[in-house]
Every structure is written in structure tokens, then in C-alpha cells.
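Novice: Got chain Z; can you put chain D on it based on the hints?
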Amino acid sequence: MPLLISLKIVPNGEFGLGNPIFSAPSINHWCGTDRLGRDVCIRTLAASGVALQVVFVAVSLAVLVGIPLGLLSGYIGGILDRVLVLLMDTLYTIPVLLLSVVMAFLLGRGILNASIALCVVYIPQYFRLVRNQTSQVKSELYIEAAISMGASPLWVIRKYLLKNVLTSVPVVLTLNAADAVLVLGGLGFLGLGLPENIPEWGSDLNMALVALPTGIWWTAIYPGMAMFVLVLGLSFVGEGLEKLISETSLQD
Amino acid sequence: MATKKELFKYTLSRLALLPIMLWIISSLVFILLRIAPGDPVDAILGTRANEFARESLRMKLGLDKPLINQYLEYINHLLHGNLGISLNTQEPVKVIISRALPASMELAIFAILIASLVGYLIGFLGAVKPEGKIDFWGRLFGIGTYALPPFWAAMLIQIIFAVLLGWLPIGGRLPPGLSPPAPFTGFLLLDSLLNNKIEIFISSFKHLILPSLTLGILLSGIFSRSLRLNLEEVLKKDYIEAAKSRGINETRLLVRHALPNTLLPILTITGLTVSSLIGGALLIEITFSWPGIALGLQEAINQRDYAVVQGIVVVISSLVVVISVVVDIAIAYIDPRVSY
Chain Z
15 MPLLISLKIV PNGEFGLGNP IFSAPSINHW CGTDRLGRDV CIRTLAASGV ALQVVFVAVS
75 LAVLVGIPLG LLSGYIGGIL DRVLVLLMDT LYTIPVLLLS VVMAFLLGRG ILNASIALCV
135 VYIPQYFRLV RNQTSQVKSE LYIEAAISMG ASPLWVIRKY LLKNVLTSVP VVLTLNAADA
195 VLVLGGLGFL GLGLPENIPE WGSDLNMALV ALPTGIWWTA IYPGMAMFVL VLGLSFVGEG
255 LEKLISETSL QD
Chain D
-8 MATKKELFKY TLSRLALLPI MLWIISSLVF ILLRIAPGDP VDAILGTRAN EFARESLRMK
52 LGLDKPLINQ YLEYINHLLH GNLGISLNTQ EPVKVIISRA LPASMELAIF AILIASLVGY
112 LIGFLGAVKP EGKIDFWGRL FGIGTYALPP FWAAMLIQII FAVLLGWLPI GGRLPPGLSP
172 PAPFTGFLLL DSLLNNKIEI FISSFKHLIL PSLTLGILLS GIFSRSLRLN LEEVLKKDYI
232 EAAKSRGINE TRLLVRHALP NTLLPILTIT GLTVSSLIGG ALLIEITFSW PGIALGLQEA
292 INQRDYAVVQ GIVVVISSLV VVISVVVDIA IAYIDPRVSY
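Going down the list, the sequences are from chains Z and D.
With this note's numbering, the residue at position 77 of the first sequence is 91, and numbering never jumps.
With this note's numbering, the residue at position 76 of the second sequence is 67, and numbering never jumps.
Don't read these hints as lab results, they were simulated from the structure.
For every residue, glycine included, the Cβ atom is placed at its ideal position computed from N, Cα and C.
Incorrect hints may have been included.
To be verified - A few chain Z residues that face chain D, going by a derived Cβ cut-off under 8 Å, partial list only:
| hint | residue |
| --- | --- |
| 1 | 98 |
| 2 | 100 |
| 3 | 150 |
| 4 | 234 |
Stated by the list, open to error - Cβ-Cβ distance ranges computed for the label pairs, FRET-style:
| hint | chain 1 | residue 1 | chain 2 | residue 2 | range |
| --- | --- | --- | --- | --- | --- |
| 5 | Z | 258 | D | 227 | 22 to 32 Å |
| 6 | D | 310 | Z | 253 | 47 to 57 Å |
| 7 | Z | 163 | D | 321 | 47 to 57 Å |
| 8 | D | 81 | Z | 96 | 37 to 47 Å |
| 9 | D | 22 | Z | 253 | 44 to 54 Å |
To be verified - Each computed DSS-like pair below joins lysine-lysine, with the alpha-carbon atoms no more than 25 Å apart:
| hint | chain 1 | residue 1 | chain 2 | residue 2 |
| --- | --- | --- | --- | --- |
| 10 | Z | 152 | Z | 177 |
| 11 | D | 227 | Z | 257 |
| 12 | Z | 257 | D | 124 |
Here chain Z stands alone, though its shape is the one from the complex (with noise of 0.2 Å):
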């Protein structure tokens, strides 16, 4: 999408001084413009690219926490396990977009910023994910073999744990992609998450809504719409993926 921008195929959804406000769908603007005379249509396109560059940037961060913790409060055990555990517990049973808002409302806007506010709220499910699959597999015959043969723990982890543990990954992955989308959405809406001049879907909602009263349903058909069809779309793939991985473990 920001490729679309670059190559001036999608003009910039910023901009729109030349436009008639609030005017309805039309030939020139298809799906009408907003209070500023943006072209709703680009401005709904460009901002699935900034979700999905904010999305992918939240989970791969939780990804690259969670992981290393759940292997090493598995694998070590003990207090830490114990305090690791409490704590994630903790963090897991507070209302989603709670966190991501309190996170966001401390941080302040930004790309960036918004990243690390969706991160926090999965990195808990990393964690146990990880975590309760090493604990497992940690007390399975050919780990103790291994161990007792004189393999080091950084060995142990790479060649056996990893490679267990991983598989689950990416379904984990991909449905909190969708549901990233959810959260980002609603920290938009709220007034929170990316800067106001960056499209994105839920503050153009926001925005919406306060026009729609007066019957002007265009600003807020489109950008939901965009979402709607891109959460479907990831928990689609989410799901084929929990299929495949799920037939092709049970070929092995």
C-alpha cells in the first residue's frame, strides 16, 4: 500500500483542500468525502496499509517477547516460573482494550507508540502458549536423555523446544493479527493510537459519527467495511492454517 502511494497510482489520503465537503458518492469521489473534503475512498485504502504495517509490527514484538520468556520460565522453572506466571495471569485477565488504552494514553500517538500498546496485550499469550508446551515437552524422555548426555540448556532449547514449540505459532499469530485490527481500531476511536494526520480507520469512525445524525452515512459505511473485511479475511487464514498444521502433524 505505501508502495501504491510512493507510485502516486493511490494519491495521498492526507490531502483533499480542493474538494467539496461532506459531498455524497459521486463519479469523482466514489465513496463521497468527509468533513475536510477527503476522498473517503483513498483515505479508507490508505489506511489499511498504516493497520497492517501497525499490526505486524505489535505481534512481531509480541512474538519476540513472549517466546524467550514462556522457553525460559518453562525451561528453568521454579520462582521465576512461579512469578512469571502470576504476572502474565494478571496481565491476561485485564480487559484487552483497557490495557492497549492505558498503554496508548501514556505513550502518547504514534506509529511506534501504538505498536508497543497492542504488543503488551499479547505478549501474555505468547507466554503461556510457550511456556506450558516447554514444561511439557522439558519432562519428555529424550530431553532428560539429551541432558544427562551433557547438552548444554542453550542447546537443549534451540534443537528440541524451539522446533515444538514453534508450530503453534502462527495460527496464535495470525488471529491476533485480526484482533489487532479490532484493538487499533477502537484506540482510534477513542481518540488514542496513531497521529490525527495518519488515516486510520477507527478515528475516521469517530469522526463519523459525529456527522451522522445529520444522514451522512458515507464516512461511516466504508471504513468499517475495510476493517470488517480485513479481520475476516485474517481469521479465515488463521483457521486454514490451524487446519493445515493440525493434518499435516497428524501425517507425521
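Specialist: For chain D alone, coordinates are given in the frame of chain Z:
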């Protein structure tokens, strides 16, 4: 089979963890608020305020004391139920929250009623005829309601029923002309009945329909999905086969034999979804300008009112944690098969 003693032990251990979890939440909120980049004083007064105003605000907020003292004071206040004072309106945060909470709960109760009605109906009909037409649409409904952004769904419903058709009010809890009766329970429906004000009762009920319908339908997807999955699993069990071979008819089999066994897993899932319910509920409240917790939260965010944001987050998260622990314990008591 769990013995009474084990059950008791489990309950105790869960209850013992509860205060620790609450402590973690409140400490977390405190730490986040203090280590966050940006000075709260800057956030409130702006960077151009003069030095005197800044210092006095700093003193008022207690920010001039060492961090550890601030923390101890904060925890001490929390233990006494003191959530601080709003920086914006100077009201105690507790008052703001307790004023807004009944409205949110009214909405949540109606939404859950609608969700269970719609969700269980769809899930049940789907499981009766797996791979049938209803099942297909029911499953699509389940995924679709998950993918719908809550505030967008709310706006669509507003466009259809309030703007285009004009059947129901677009938002709020009462029309501007009507003043609410003296708050007794805070639940407007109950209060108006208690005060014999039928007009207000009808009007507030009309205002409640759209938001609770939106939230209810969004949640019903989770309900229908979990009922469908669980029923399918139960129907594969041996005792169902046995009952079938004894010639018990299909409907009776479903209602008397299979359904009761799906209720526990569903209770578990419902307990787990409380936290996602809250996220959706917050956004729907704002869309319908429903004067609940969420509107208070949004206002506090826009005013950068740290104290109110902190109070609302601590209270809601604590509520969720308490509910999830209670659900866990309830399940352990009802279901003899749960191992712990």
C-alpha cells in the same frame, strides 16, 4: 472424583491469589503512570505554564515526594477505597465511577440476556442438523460477529433504525426534556418504576433497545459457536449412542441428555469472555453516548485526567479478576470432573 477437602483447598488457593492479583494490577497501573515518558504536569497544564503553577500542581498531586512514599500512599488509599480526586472536576473518582456504573451494568445485563437467547438458539439449531443450511449460516454468523468492529456495528444499527427508519432514539439514556427520577438504585428502569413514572420507564427502555441489541448480537456469536462445538462433541459420546439405540426420540435426546452436559463448558467460556465483553461494551457505550463508564473514560482521556483514568482502569480490571476467580470456583463446585 474430587473430595470435599480438595475442593476446599482449591477454593482457598484461588481466593488467596486474588489479593495478589489485585495488588499486581494496581501496582502495574501505578508504575506505568510514573515511568511513562512525559510529565503529568506538562500534560495537564501544557508546557508553557509558569514555574509557580507547575510547582503547586506538583505538590497537589503529591509528585514532589519520593517515589516509594507515593507508592505506599497510593496503596494505602486504595485499601481504604479512596481512588483519588479528578484533576478536572475536583470530584472524588469514586463518585464518578459509582454514578456511571449502574448505567453500564443495565446495558450489560440486557446485552447478555439477548446474547444468550440468540446465541443458544442459533448454536442449538446448528448442532441439531450439522452441515445443514442453518448450521452453515450460523457458523458464518459466529465468525462474522467476531470480525465486526463493535463501534461500526453500532453505527450501522444507528443508521438503519434511528436515521433512516426513525423508530428509536439514536443515543443517550433519556431525551433532553425528561429529567431522571431521584437515583435510588441507579438503574433507570428500576428507579422510574419505583417512582411510578411510566413515561420515563418507556422512554429509557426505548433508549436501551439499540445499544443492548448491538452488544447482544455481537456477543451471541461467541455463545452460538461454543454451544455448537460442545453439543457436537457431546453427541458423539457413547451414552448418546446408547440412548439412541434404546429408541429415545431425537428432540428428547438433545434436550434432556445432551444439552445439560454442554452447560459447564459454556459457563467456562462465558467467564473467559467477560474481559472481551468489556472492550466491546466500552466502544458501544461511546457510540450510543450511553452515560456509563466508557463515556467517563473517554472524557478522562480527552482531558488527560490521570486520576480518573487510573481509577477506572483499576476498578474495572479488579472487577474482571474477581468475576473470573468466582467463575472458576463455581465451576469447580458444579462440575465433579474438573481436576485441579
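Novice: For each hint, tell me whether it holds in the structure or not.
Specialist: To see whether the hints hold, each was checked on the structure:
no.	hint	verdict
1	98	violated (12 Å)
2	100	holds (7 Å)
3	150	violated (16 Å)
4	234	holds (5 Å)
5	Z/258 <-> D/227: 22 to 32 Å	holds (24 Å)
6	D/310 <-> Z/253: 47 to 57 Å	violated (32 Å)
7	Z/163 <-> D/321: 47 to 57 Å	holds (48 Å)
8	D/81 <-> Z/96: 37 to 47 Å	holds (43 Å)
9	D/22 <-> Z/253: 44 to 54 Å	violated (38 Å)
10	Z/152 <-> Z/177	holds (13 Å)
11	D/227 <-> Z/257	holds (21 Å)
12	Z/257 <-> D/124	holds (22 Å)
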